[in-house]
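Just so you know, the sequences run in chain order A and B.
Numbering-wise (our numbering), the first sequence opens with residue 1 and increments by one.
Numbering-wise (our numbering), the second sequence opens with residue 1 and increments by one.
Be a bit skeptical, because a hint or two may be false.
[What the hints assert, rightly or not] Straight-line C-alpha distance at most 20 Å; calculated EDC-like pairs for lysine to aspartate or glutamate:
id, chain 1, residue 1, chain 2, residue 2
1, A, K92, B, E262
2, B, K7, A, D128
3, B, K7, A, D176
4, B, K7, A, D181
[As the list claims (entries may be wrong)] Listed next, with one range per pair, are the computed distances between beta-carbon atoms:
id, chain 1, residue 1, chain 2, residue 2, range
5, B, A19, A, R168, 51 to 61 Å
6, A, L170, B, A252, 47 to 57 Å
7, A, V65, B, R182, 48 to 58 Å
8, A, R6, B, K7, 54 to 64 Å
9, B, K7, A, L170, 17 to 27 Å
Source of the hints: derived by calculation from the structure; they are not laboratory data.
All C-beta atoms in this analysis are idealised placements derived from N, C-alpha and C, irrespective of residue type, glycine included.
Residue-level listing of the chains:
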Amino acid sequence: MRRLRRYAIPFVAWMAVFIVVPTLILLFLSFSDYSLYDGGPFAFTFARFEIFAAPLVLTAIGNSVALAGATTAACFLIGYPVALYLSHLPEKTGKILMSLLIVPLWSNMLLRIVAWEKVFTPDSFFTDLTGLSIDLLGSKTAILVGMVAMYLPFMVFPIYSVLEKLDRGLVEAARDLGADDAQVFLRVIFPLSAGGVLSGVIMTLLPALTSFVLPARLGLGRVPLIGNVIESKLMKEVLGSSGRSINEGALVSLSLMVLSIVLYILATRFDREGETLL
Amino acid sequence: MTARTRKRLYQTVGACFTAAAFLSVYTPIAVILALSVNDSLKAYAWEGFTLRWYADLFATDVMHDPIMNTLLVAILATLIATVLGTFFAIGIHALDKTRRTRMMVLNNVPVVNPEIVTGISLLIVFSLLGFTLGFHTVLIAHVFFGVPYVVLSVMPRLKKLDPNLYEAALDLGCTRFSAVLRAIVPNVATGILAGALMAFTMSIDDFVITYFTSGSEYMNVSTWLYAAIGRSRSFTPAAYAYNAIIFLFTIAAIIFINSRKEKKEREVRR
Chain A
1 MRRLRRYAIP
11 FVAWMAVFIV
21 VPTLILLFLS
31 FSDYSLYDGG
41 PFAFTFARFE
51 IFAAPLVLTA
61 IGNSVALAGA
71 TTAACFLIGY
81 PVALYLSHLP
91 EKTGKILMSL
101 LIVPLWSNML
111 LRIVAWEKVF
121 TPDSFFTDLT
131 GLSIDLLGSK
141 TAILVGMVAM
151 YLPFMVFPIY
161 SVLEKLDRGL
171 VEAARDLGAD
181 DAQVFLRVIF
191 PLSAGGVLSG
201 VIMTLLPALT
211 SFVLPARLGL
221 GRVPLIGNVI
231 ESKLMKEVLG
241 SSGRSINEGA
251 LVSLSLMVLS
261 IVLYILATRF
271 DREGETLL
Chain B
1 MTARTRKRLY
11 QTVGACFTAA
21 AFLSVYTPIA
31 VILALSVNDS
41 LKAYAWEGFT
51 LRWYADLFAT
61 DVMHDPIMNT
71 LLVAILATLI
81 ATVLGTFFAI
91 GIHALDKTRR
101 TRMMVLNNVP
111 VVNPEIVTGI
121 SLLIVFSLLG
131 FTLGFHTVLI
141 AHVFFGVPYV
151 VLSVMPRLKK
161 LDPNLYEAAL
171 DLGCTRFSAV
181 LRAIVPNVAT
191 GILAGALMAF
201 TMSIDDFVIT
211 YFTSGSEYMN
221 VSTWLYAAIG
231 RSRSFTPAAY
241 AYNAIIFLFT
251 IAAIIFINSR
261 KEKKEREVRR
């Protein structure tokens, strides 16, 4: 068995090329004047951090934190009862309903966003079909509803997986020892499902924080998010306009990377080998 | 309140939340299905039932290139990622516990990293290596984000495996490599399959990473749609038809898998 270790060597090399090297470059770009495309002299600088003082970026960070936070909270508040309900159904029914909740994720993300656009446009195709005329396009509510609908399955699934495996004997033991419903939930069920909740939060919060198509479309570009800032910074330079905007994009990306790794390390406290993510 | 009414109350509340969840997740799907049979090019209003978008999809080449690109990349990336991921998982599994945990952290970086960050990282590596963006870079990118999912789903199976199996195969005269293929791989096949399925689904619907690694010429369905929306704010409803077919196909697959499972269970009981 130990000889099989050598199969891990190409893994390290592979990950080094695609994770460690770009991370170092992001770090390098974040703290310098160097241009990825024009080359140029290298000088160490903190100037890139000024981007965090730019009004647009501050607004974007505020919007992202507020919207992603609200999305995650809503997904948790809706998703936990759903997961709990599904885990109490007969096993087969629960599994089928869980997979039916995941199936929509196979549909193209952009088309689902376009579909929400139709829903949120008054006197549209959607009005013809349902009689409902909803005028929300361009508002934060539209973005919030779109995001919750998009990320909810990512919250329900990990919580359901944990709850489904939960030892029912523990619940009965707690009852025998005199716990009421609230105590059973708060002191037995919820603590045991914390790992699932945490991976649900990670799987919802990070994509919501960094999404850029959904806010651009459902918010009509009026509500910029961090993802939109990164995308515009990056694409500007990739598409050939000058400046050091890619360095600024690199800094923002790096900050997001640090955030996601911190959250992940938190999650591993619940599961040392990080398998909750599946 | 008696225990029974309380239980009924919980069930009602749970059922309501579940209904709300299904409503929110299925609303866009219902709209897509309706748009795929709507007899209108711009889709501003409902103008009657038609199947012509489905006909367009198969008979014309409105979406031929993006669909073919999507499928080709998804299939190739899944195959490569599955093979690589399986061997990587076997290698990581053979390490001692500390190193294994470290490797799994590394493995999970692309899984937890926001897609936009992964996209940018890959774009940086490709520009550094001087690669022209296109089919090859997209394929490498998709293999890259597929591998961690394969490793993640093979690993739990490996843990359940009897560690002596591999040694036994060696004692019985297998070479090292064929011992892996004959003693380990068949025993973790379900994990490999689950990983392959994950990699495939991640690839076929990917937008963000493809967007950053494909350049301006090469397009999959998602980047094609994005370009079409940006350019003219509209696209052929054949796209809805394509999506409807994929949706119906996945529903059919789930029903098929569940009915087969049931059949098997019945046979076992007999």
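Comparing the hints with the structure gives:
| no. | hint | result |
| --- | --- | --- |
| 1 | K92(A) - E262(B) | holds, 9 Å |
| 2 | K7(B) - D128(A) | violated, 41 Å |
| 3 | K7(B) - D176(A) | holds, 17 Å |
| 4 | K7(B) - D181(A) | holds, 10 Å |
| 5 | A19(B) - R168(A): 51 to 61 Å | violated, 25 Å |
| 6 | L170(A) - A252(B): 47 to 57 Å | violated, 39 Å |
| 7 | V65(A) - R182(B): 48 to 58 Å | holds, 53 Å |
| 8 | R6(A) - K7(B): 54 to 64 Å | holds, 56 Å |
| 9 | K7(B) - L170(A): 17 to 27 Å | holds, 18 Å |
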